[in-house]
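Protein chains in written order, with my numbering: chain A, 428 to 680; chain V, 428 to 680.
It is worth saying that the hints were derived from the structure and are not from the lab.
Don't take every hint at face value.
If chains are identical, the list can't say which one is meant, so a pair holds when it fits in one copy or spans any two.
[Claimed, not checked] With a Cα cut of at most 30 Å, we get these calculated DSBU-like pairs of lysine-lysine:
{"no.": "1", "residue 1": "Lys-569", "residue 2": "Lys-602"}
{"no.": "2", "residue 1": "Lys-585", "residue 2": "Lys-615"}
{"no.": "3", "residue 1": "Lys-585", "residue 2": "Lys-671"}
{"no.": "4", "residue 1": "Lys-671", "residue 2": "Lys-511"}
{"no.": "5", "residue 1": "Lys-620", "residue 2": "Lys-569"}
Fair warning: this is a prediction, and the values are worked out from it, not measured in the lab.
There are 2 protein chains.
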Amino acid sequence: MQILLTNDDGIYAPGIAALKHQIQNLGQVTVVAPAIEQSGVGHSITFSQPLRIREVHLNNELIGYGVSGSPADCVKLAVYEIMKKEPDVVISGLNMGANVGIHILYSGTVAAAVEAAIMGFPSIAVSFEITEQYADVNDASKVAKKVIECIIKHKLPKGSLLNVNIPSRPANQIKGIKITRQFAHDFKETFDKRTDPSGRAYYWLMGTDKSIHREDGTDITAVNEGYISVTPLRYDLTDQDLYKKIEGWDWDI
Amino acid sequence: MQILLTNDDGIYAPGIAALKHQIQNLGQVTVVAPAIEQSGVGHSITFSQPLRIREVHLNNELIGYGVSGSPADCVKLAVYEIMKKEPDVVISGLNMGANVGIHILYSGTVAAAVEAAIMGFPSIAVSFEITEQYADVNDASKVAKKVIECIIKHKLPKGSLLNVNIPSRPANQIKGIKITRQFAHDFKETFDKRTDPSGRAYYWLMGTDKSIHREDGTDITAVNEGYISVTPLRYDLTDQDLYKKIEGWDWDI
Chain A
428 MQILLTNDDG
438 IYAPGIAALK
448 HQIQNLGQVT
458 VVAPAIEQSG
468 VGHSITFSQP
478 LRIREVHLNN
488 ELIGYGVSGS
498 PADCVKLAVY
508 EIMKKEPDVV
518 ISGLNMGANV
528 GIHILYSGTV
538 AAAVEAAIMG
548 FPSIAVSFEI
558 TEQYADVNDA
568 SKVAKKVIEC
578 IIKHKLPKGS
588 LLNVNIPSRP
598 ANQIKGIKIT
608 RQFAHDFKET
618 FDKRTDPSGR
628 AYYWLMGTDK
638 SIHREDGTDI
648 TAVNEGYISV
658 TPLRYDLTDQ
668 DLYKKIEGWD
678 WDI
Chain V
428 MQILLTNDDG
438 IYAPGIAALK
448 HQIQNLGQVT
458 VVAPAIEQSG
468 VGHSITFSQP
478 LRIREVHLNN
488 ELIGYGVSGS
498 PADCVKLAVY
508 EIMKKEPDVV
518 ISGLNMGANV
528 GIHILYSGTV
538 AAAVEAAIMG
548 FPSIAVSFEI
558 TEQYADVNDA
568 SKVAKKVIEC
578 IIKHKLPKGS
588 LLNVNIPSRP
598 ANQIKGIKIT
608 RQFAHDFKET
618 FDKRTDPSGR
628 AYYWLMGTDK
638 SIHREDGTDI
648 TAVNEGYISV
658 TPLRYDLTDQ
668 DLYKKIEGWD
678 WDI
């Protein structure tokens with residue numbers, strides 16, 4: 428089995444190394460990941476400047492390919508330029524931080540999996556809710572491997588995409604798996620306005636405490652309650668309900 | 428009426444100036460746009476570095492606010508830090524180039540409108556299919572204004588989002604409006620591999636000829652045939668069909 432492994436934290440991130448270690452016996456793993464961290468880049472692609480691919484070695488061993496672009500760029504380059512055979516599955520992760528709710532839209536991790544799904548490959552984004560209380564990426568990667576094995580066993584259809592989030596607790600304290608929907612509400616993230624030494628204003632985006640958001644059946648609530656969340660996602664953004672509504676409008680301009 | 432106007436081509440782009448000129452009598456227009464071009468950034472947000480807001484003047488007149496970030500950053504900053512009243516509608520455009528099919532996911536123009544919808548505002552992304560044959564942004568902005576007026580008249584519900592694309596032809600040759608769905612297939616964009624003067628490889632993403640893609644009822648076909656395309660979009664990415672399918676899997680890990 429050909430596995431393409433990517434992420435948005437960059438090729439040197441502990442998460443991708445830990446996950447590669449866990450899944451390397453599932454098939455032939457090719458790592459193609461951003462050369463530098465790309466968190467929060469969403470589904471950005473690079474077309475105004477060219478891309479570079481660099482072989483990355485560790486202890487004289489090729490560990491993967493670093494790309495001077497976004498996670499979505501990595502998937503395109505991996506398939507069209509780097510891998511000799513097409514991937515049977517594309518895995519993006521292990522992301523250092525949960526990707527739930529609206530943050531799915533901002534996530535480079537998820538965007539890489541979306542790009543793979545668009546290209547027709549089954550794909551899985553895997554993120555780990557890192558907290559001050561618990562941040563063991565090796566343990567989380569073992570959990571991730573079990574979920575990935577389960578998905579592969581069931582043969583995820585071509586072009587399908589699952590967003591997996593692992594809660595911030597040891598494997599033996601995880602309550603199980605829940606199939607969820609995206610929490611689709613604003614996190615109301617605002618800004619911290621500060622003044623620099625020259626007296627000019629600057630603004631830091633402030634994250635929200637995601638644990639305050641609750642809605643049964645959603646990704647965020649499953650993770651908050653200690654379950655692994657598995658959310659099937661799609662990349663056809665058409666809103667069918669709104670479609671029916673505006674179809675009846677008088678559009679004669 | 429309070430109108431927030433943004434884009435991804437940057438605050439100095441001809442498209443946003445032309446559209447502002449057309450819609451300025453519809454209400455109080457506040458322009459908050461990226462200080463530099465942000466095409467293809469998708470729904471990226473900036474949290475690893477702070478943001479700056481700069482007042483932009485032209486002929487001693489304040490024309491808007493330039494932000495050192497992405498289109499989505501602009502919408503957040505506009506609402507939380509710049510505008511005294513909340514917008515009644517958020518408009519993103521006029522984008523210099525169509526945003527149809529899978530390109531919706533890469534588009535900063537659409538991402539700004541998505542961000543506004545998440546925040547609860549009615550929002551409209553407006554793009555103009557610029558070609559070598561026809562590229563009159565002033566004419567296209569007149570068309571855009573009529574579509575925007577029509578949408579405002581019908582009171583787009585809170586949190587709703589329409590993606591409007593104007594075909595590359597003079598207003599009097601446009602055939603009308605079609606309500607469409609997103610063309611949700613891969614454009615199969617590949618890379619042009621080149622060698623730099625130092626002998627090292629680099630890769631340019633190559634755009635596809637979008638006119639070869641046809642599927643009745645989709646955004647791309649409507650624009651190709653000379654219609655204005657209006658596609659309702661959503662930001663809840665949950666795939667309900669896949670949800671039902673994987674719910675039945677044996678998830679006991």
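Evaluated hints:
no., hint, verdict
1, Lys-569 / Lys-602, "within (15 Å within a copy, 57 Å between copies)"
2, Lys-585 / Lys-615, "between (35 Å within a copy, 16 Å between copies)"
3, Lys-585 / Lys-671, "both (29 Å within a copy, 16 Å between copies)"
4, Lys-671 / Lys-511, "neither (45 Å within a copy, 35 Å between copies)"
5, Lys-620 / Lys-569, "neither (41 Å within a copy, 38 Å between copies)"
Violation of the numbered hints given earlier is confined to hints 4, 5; the remaining hints are satisfied by the structure.
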